[in-house]
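Colleague: Input sequences plus hints: build the corresponding full structure.
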Amino acid sequence: MNCDNFTHKVLMVRPANFGFNAETAANNAFQNQEGAENAEEIRKNALGEFDRLVETLKGEGVEVLVFEDRPIPAKPDAVFPNNWFTTHEDGRLVTYPMFSPVRRNERDPEIIKFLSSSHDILDIVGLEGFEAQNVFLEGTGSMIIDRANKLVYACLSQRTDEVLLKAFCEKFNYTPVTFTAVDPQGMPIYHTNVIMALGDGFVVICLECIPDKKEEKKLENHFAKTGLEVIPISFEQVLHFAGNMLQLKSRKGKRILAMSTAAFNSLNTAQKKSLEKYTKLVHSDISTVEKYGGGSVRCMIAEVFLPESER
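For the sequence shown, my numbering assigns the number 6 to the initial residue and increments by one for each residue that follows.
Hints in this document: simulated from the structure, not taken from any laboratory. Everything numeric in this text was worked out from a predicted model, so none of it was measured.
Below are the SDA-like pairs computed for lysine to any residue, each with C-alpha atoms no more than 20 Å apart in a straight line:
1) K223 - L170
2) K118 - G131
3) K218 - T185
4) K118 - S314
5) K176 - A153
6) K257 - K285
7) K223 - E167
Modeller: Right, dumping it as structure tokens:
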């Protein structure tokens, strides 16, 4: 099967109760609790940011399937569906074990039903049973999947278990490429997708987060073998979510790199020029979602690779 890394179709969840989640803040240093008591204002602002991002993507020719989150049970992080499921070209859908008990409510069968109304889901691979063993793997937060080259990049953390990662790779015939990444205080980076984004011909990555130079060299070798130009970003730029980008394409095949306005503004001129050789840069302001959710544009988008139904 010829696999393309990038899709023109995505699913996004319009959040009913977006807000600060204290459970995830335990190991997500990107969340900020300041002002979190203004819950209704935060919820409304997040909805506005969500709607504008959807319109921005649609304006670029991306097909966006919007699922309206149900208010009960309350799911403060429902806007980040990429952590609990992935879809695959062969019709498989995978559900993942989540670190935060509150986030486990996001695994909504109605979303799978919503997808299956227009796509062929031939098999559901459920990994959530590993939560009972405190073993986690949080979808494309944990894994950067290079479908074309059958590779999965992952920085190991409390939310990305190496044994489960290897089991996933074996099931899907991928080769895992693991490494350790830390912030300047030496704390593990909680998700791979905050420091790395795979593009068409390039990779954005914060190499200064990788203390082991042998691991850095291993990554660079894989990038060279698969023809990727390395576009390094600093940890300061990571704090502005410059690592949390997603390469997409329009229905007509035009490449776009989706990111937040904060991420875009953090890039210097040379970085923007390097990226623009490969793709159009598209951004939208989601500062409320970033501040209280600790995630950015990539986290808000679940790619749809499933075959379309003929019915």
